[in-house]
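Protein chains: 2
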Amino acid sequence: MHHSSCTVIFAFMQYETTEKLKNTELWIFDADDTLWESALYFRRAEEDFLGLMLSLGFDPETIRNEVHSRDIERLSVTGYGVRPYINTLKSILAEHVTALSSYLNDSIDYISNSLLHHPLVLLPEVISTLEKMNICGKKMLVYTMGEDDHQRDKFNRSGIAGFFSDIVVVPVKNENTMKELLASFGTLPERACMIGNSPRSDINPAIECGVNAIYLKRSITWQAEQTEFAEPELVTTVTSLSEILPLAGIE
Amino acid sequence: MHHSSCTVIFAFMQYETTEKLKNTELWIFDADDTLWESALYFRRAEEDFLGLMLSLGFDPETIRNEVHSRDIERLSVTGYGVRPYINTLKSILAEHVTALSSYLNDSIDYISNSLLHHPLVLLPEVISTLEKMNICGKKMLVYTMGEDDHQRDKFNRSGIAGFFSDIVVVPVKNENTMKELLASFGTLPERACMIGNSPRSDINPAIECGVNAIYLKRSITWQAEQTEFAEPELVTTVTSLSEILPLAGIE
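First to last, the protein sequences are chains W and E. Reminder that position 200 of the first sequence reads as 200 in our numbering, one-by-one numbering, no gaps. Reminder that position 187 of the second sequence reads as 187 in our numbering, one-by-one numbering, no gaps.
Check each hint, because a few of them may be wrong.
[Claimed, not checked] So the derived list for chain W, only partly shown, Cβ under 7 Å to chain E, looks like this:
#	residue
1	Leu52
2	Ser55
3	Ser101
4	Tyr103
5	Pro119
6	Val121
7	Pro124
[Claimed, not checked] Chain E side only, calculated, beta carbon under 8 Å to chain W, not exhaustive:
#	residue
8	Gly51
9	Asn113
10	Ser114
[As the list claims (entries may be wrong)] With a cut-off of at most 35 Å between alpha-carbon atoms, the simulated DSBU-like pairs for lysine-lysine come out as follows:
#	chain 1	residue 1	chain 2	residue 2
11	E	Lys90	W	Lys132
12	W	Lys90	E	Lys217
13	E	Lys132	E	Lys22
14	E	Lys22	E	Lys179
15	W	Lys217	E	Lys90
It should be emphasised that the hints constitute simulated quantities derived from the structure, not laboratory data. Given the structure is predicted, the values throughout are model-derived calculations rather than measurements. Cβ atoms here follow ideal geometry from the backbone N, Cα and C, with glycine treated the same way.
Could you build all of it, start to finish, from the sequences and the hints given here?
Now the structure itself:
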């Protein structure tokens with residue numbers, strides 16, 4: 001009997017979530033790794049940096065650990081972004097190699113450029129989902145963290161900018177930035193829905209503000225972004241963006 | 001007894017190879033995937049292209065097979081190079097999508113730029129090996145296939161250009177281009193040694209010309225480059241460039 005009452009409660013909560021989401025006036029989308037590939041390019045940059053250090057005789061696993069621990073330290077100070085990340089790599093290189101040859105300077109510059117100007121690859125179902133949401137008159141925003149110019153450049157290259165009312169870029173996403181976002185668009189929390197792949201930056205701050213949250217579960221997510229959900233019973237998990245269509249009342 | 005006589009013959013051949021290599025006057029190095037990473041960046045470009053096609057709803061495995069079969073067809077016509085490879089991707093895209101949006105054109109351009117301007121990452125032991133060879137007065141060449149401007153750009157960025165007497169770029173490497181190379185440097189085949197990671201383009205043409213060959217075995221090699229050795233008993237296999245030092249009589 002216990003099992004079946006759980007099922008009933010779960011089914012009721014699902015129904016409630018679905019009903020709540022149908023009243024959504026503002027659909028807020030994370031960008032990196034929700035709409036397009038991003039962590040993949042940081043992983044490639046790291047691979048290149050480890051290769052570069054290996055060519056100089058340094059053990060890749062030792063360097064990888066240095067990059068990861070420095071990166072976590074740095075995030076709380078500089079926020080997210082390509083340039084702060086590259087600065088981390090440069091400072092690790094400078095600590096190991098006293099005289100930087102032009103080969104090394106060039107290589108770091110090329111790693112940096114590859115990361116700033118990577119191809120814009122949309123995730124599966126993004127185009128078709130946004131098209132349908134747009135046709136049905138849904139108001140949609142992009143809300144992302146990182147460097148303003150770099151994030152807007154990706155947004156403009158993405159070919160999907162026309163589906164959104166606006167893009168908002170902040171250095172770090174948290175409860176305060178979410179509250180400011182809602183205030184600036186004059187939207188009540190329960191009439192907004194946040195869609196993203198990061199438990200830390202997308203889901204928990206939304207839930208804590210009373211905003212509905214849809215978690216896009218992906219195979220690659222930044223290690224620093226993985227955390228427990230604050231209130232897992234309030235989170236709807238999907239594995240493809242197209243699964244938000246029925247939640248938004250679209251068939 | 002059979003086993004031990006094989007061992008004796010093998011040991012004798014090894015001794016002969018070592019003696020022959022000590023008379024080498026010209027050390028000819030392949031570049032891509034022998035001195036620096038290259039196939040890795042083609043693999044990334046392919047991954048991005050498949051992601052792009054997936055964002056439009058096309059099955060990545062079907063597209064991957066198309067890219068591979070087209071690429072093999074193309075090689076015999078255009079030779080190796082980034083631009084012919086990108087043209088293959090563009091023609092596959094154009095066959096599947098009638099109206100190319102600026103998003104798609106931009107993405108292909110970014111894939112192309114990433115491949116042309118990828119970071120130059122030398123392989124392990126390359127710097128230290130070439131330094132020692134240079135100190136010992138060995139005459140060394142880079143002999144590579146692809147597009148002249150692109151290969152020279154990588155050579156200049158590599159930081160190791162100063163160790164070599166010259167770089168020679170050809171569209172495809174074969175027995176004829178090897179003979180021309182030897183003639184232009186006035187070197188007898190038995191006084192030359194070719195070092196490379198490709199059985200098809202580096203090892204077999206050298207062996208067929210009477211040039212000594214050292215095969216650098218790597219985990220990533222182009223599928224089209226994998227073939228049987230024409231005369232396996234004449235090939236010395238190494239897994240790191242530093243293993244050529246004792247073969248060149250350097251400790």
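To see whether the hints hold, each was checked on the structure:
Given hint, Leu52 of chain W at the interface with chain E, holds; its Cβ is 5 Å from that chain's nearest Cβ, closer than 7 Å. This hint holds: Ser55 of chain W has a C-beta 4 Å from the nearest C-beta of chain E, less than the 7 Å allowed. Satisfaction of the interface hint for Ser101 of chain W is found here, the shortest Cβ-Cβ separation to chain E being roughly 6 Å, below the 7 Å cut-off. Satisfaction of the interface hint for Tyr103 of chain W is found here, the shortest Cβ-Cβ separation to chain E being roughly 3 Å, below the 7 Å cut-off.
For Pro119 of chain W, the suggested interface contact is upheld, since its CB lies about 4 Å from the closest CB of chain E, less than 7 Å. For Val121 of chain W, the suggested interface contact is upheld, since its CB lies about 4 Å from the closest CB of chain E, less than 7 Å. Residue-level restraint check for Pro124 of chain W holds (minimum Cβ-Cβ distance to chain E is 5 Å; threshold 7 Å). The interface hint given for Gly51 of chain E is met, as the beta carbon of that residue sits about 4 Å from the closest beta carbon of chain W, less than 8 Å.
Interface restraint check for Asn113 of chain E: the shortest CB-CB distance to chain W comes to about 7 Å, inside 8 Å, so the restraint holds. Proximity of Ser114 of chain E to chain W holds as hinted, the smallest CB-CB distance being about 6 Å (cut-off 8 Å). Between Lys90 of chain E and Lys132 of chain W the alpha-carbon distance is near 28 Å, which keeps this suggested pair within the 35 Å criterion. Restraint check: the Cα-Cα separation between Lys90 of chain W and Lys217 of chain E comes to about 32 Å, which is no more than 35 Å; the hinted pair holds.
Between the alpha carbons of Lys132 of chain E and Lys22 of chain E the distance comes to roughly 15 Å, so the proposed pair stays at or under 35 Å and holds. Between the alpha carbons of Lys22 of chain E and Lys179 of chain E the distance comes to roughly 21 Å, so the proposed pair stays at or under 35 Å and holds. Straight-line distance between C-alpha atoms of Lys217 of chain W and Lys90 of chain E comes to about 32 Å, which keeps the hinted pair within the 35 Å bound.
Hint check: no violations occur; every hint is consistent with the structure.
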